[in-house]
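Trainee: Sequence:
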Amino acid sequence: MKTDIYLYNSLSRQKEKFVPTEEGKLGIYVCGPTVYNHSHIGHGKSYVSFDAIVRFFRFVGYKVLYVQNITDVGHLTDNADEGDDKIEKEAKRDRVNPMAIVETFMRSYFEDMDRLGIERPDISPRATGHIIEQIELAKKLTAQGFAYEAGGNVYFDVSKFPQYGRLSGKKVEDLIAGARIDVRSEKKNPADFALWKRAEAGHIMRWPSPWGEGFPGWHLECSAMSMKYLGQTFDIHGGGLDNQFPHHECEIAQSEAATGKPFVKYWLHNNMVTVNGTKMSKSLGNFVTLKDAFARFDPITIRFFILQSHYRSPLDYSEEAVEGAGKGLERLKNIMRELKALGGDSAKAVNFDDLPEEPVDLKRYYGEWLAAMADDFNTPAAIAVLFEMFKDINTLLGSGVGVTVDVASQLYAFTRTLAGEVLGIIPGEDAGAAGKNIENDLANLLIKMRADARKNKDFKAADAIRSQLQDIGVILEDKKDGTTVYKVSK
RNA sequence: GGCGACGUACCCAAGUGGUAAGGGAGAGGUCUGCAAAACCUUUAUGCGGCGGUUCGAAUCCGCCCGUCGCCUCCA
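The numbering of the first sequence is our numbering, which starts it at 57 and goes up by one.
Be a bit skeptical, because a hint or two may be false.
[Unchecked claim] For lysine-lysine, the following BS3-like pairs were computed, each having C-alpha atoms within a straight-line distance of at most 25 Å: (1) LYS81 <-> LYS317; (2) LYS511 <-> LYS383; (3) LYS396 <-> LYS504; (4) LYS511 <-> LYS535.
Worth flagging that the hints you see were computed from the coordinates, not collected in a lab.
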């Protein structure tokens, strides 16, 4: 390991040094989306954050197993007991099979995540694919006396699990006192939550169980699937702050009651996205979908915007703020393009144990960057370090001293690793100038024509070429040495 | 009502006891045929307000104001 990582554990409410269950390995589970609608900016923040966290763990040498579920059943529109299944509701409205809704929005979800440069989780288990495991868990809890059946429903008996409320800082008594009176409930205690729900007539998604036909409660899937793939005790469980209660609280209760072991060592919660200062939620209908945002901004700009604030801070989405972020990101891309043009893309591995201090003090910048990332994944501070370094690099490039291919290559590889491989804020291989294709040849042809016009002081023709290229999204820049480079704007 | 978080320049945003990172925008300058890009300089005696602790506080304590979140589905 190159460094110790400190992270804020919601369970202890303080920063702790990360100590893996198994040396060199990380098992992480992050609550995935319920796929009944397009993903919004909030999903983007959550999954971009955890993507950066996972990438960083991999960077420092951990072998990571990243599990993120797809909820495709059982998530009710109301509280944990009443209301329709969200997916069925959409399905009924559109008169299609619920699984078609699931398929549509699951594809939409992955498409959006791909565009945000998020690496796919290692395992994306679906709730409906793990009905057996969920039934087993419910059976076990019932047999152990932690759960009871009532009219085809199975409820977890919160009174049997005294630690309930530890994660969210809530007291069961307060919850009961504050709970809405539900006269029809078969529950012993208003705070009890459903492990299994009886399927009423007309309910489409249903499975046979020891308690009759029904479907699993929302919380159960995450316990069943996380433990299946990561073991009864695993390292990190992540998710949105809004899921801390009741969802994660219920997961802990179910899992620890069933196994008698600690469920998760470190709980990580990302903060929420607000739009115009108000929380965005599917229920409120004020959400900005990622597809909306992508129509306005480059997806990587959205990613950069997200990582420019800390994952535990709330993020207010505004076009002004994203535009500002986008311009900063432009600078980063410009530098990468220049370094690449100087021959920097010749593959070169970076030896982080032996970094040079000249002509750019990579050793220092790496140390600062690493310290920022290792301190609860402080991506905004890490990005600030990169910008300081870019200033040095730009000064070097503009100094007229000249940069050797070797140095350019080293700077490129270094930046590519920190900003690209780990933070994911450098888009794929799109840096224009070095391409070998017809587009590149045409662009260089026009550049040459313009250069000839300029030589003949025919600035009208030269500017016409430049402005018309700009109209189609190609921007020309004249360098100090008299050459001209082009870039394709988004 | 209960619990929690936050309030840093025009905008975004780090910083949790040692004298205000970074990005955007603005202003001036260098370079350029002009642009663009880049570079240089500049923009908070102050970190919601008022007290307190301390040699020293944006950072700790108290009160107040404001905003947001959770307590019901949400990443």
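Trainee: Could you run down the list of hints and mark each one as holding or not?
Mentor: Each hint, compared with the structure:
no., hint, in the structure
1, LYS81 <-> LYS317, "holds (20 Å)"
2, LYS511 <-> LYS383, "violated (32 Å)"
3, LYS396 <-> LYS504, "holds (21 Å)"
4, LYS511 <-> LYS535, "holds (15 Å)"
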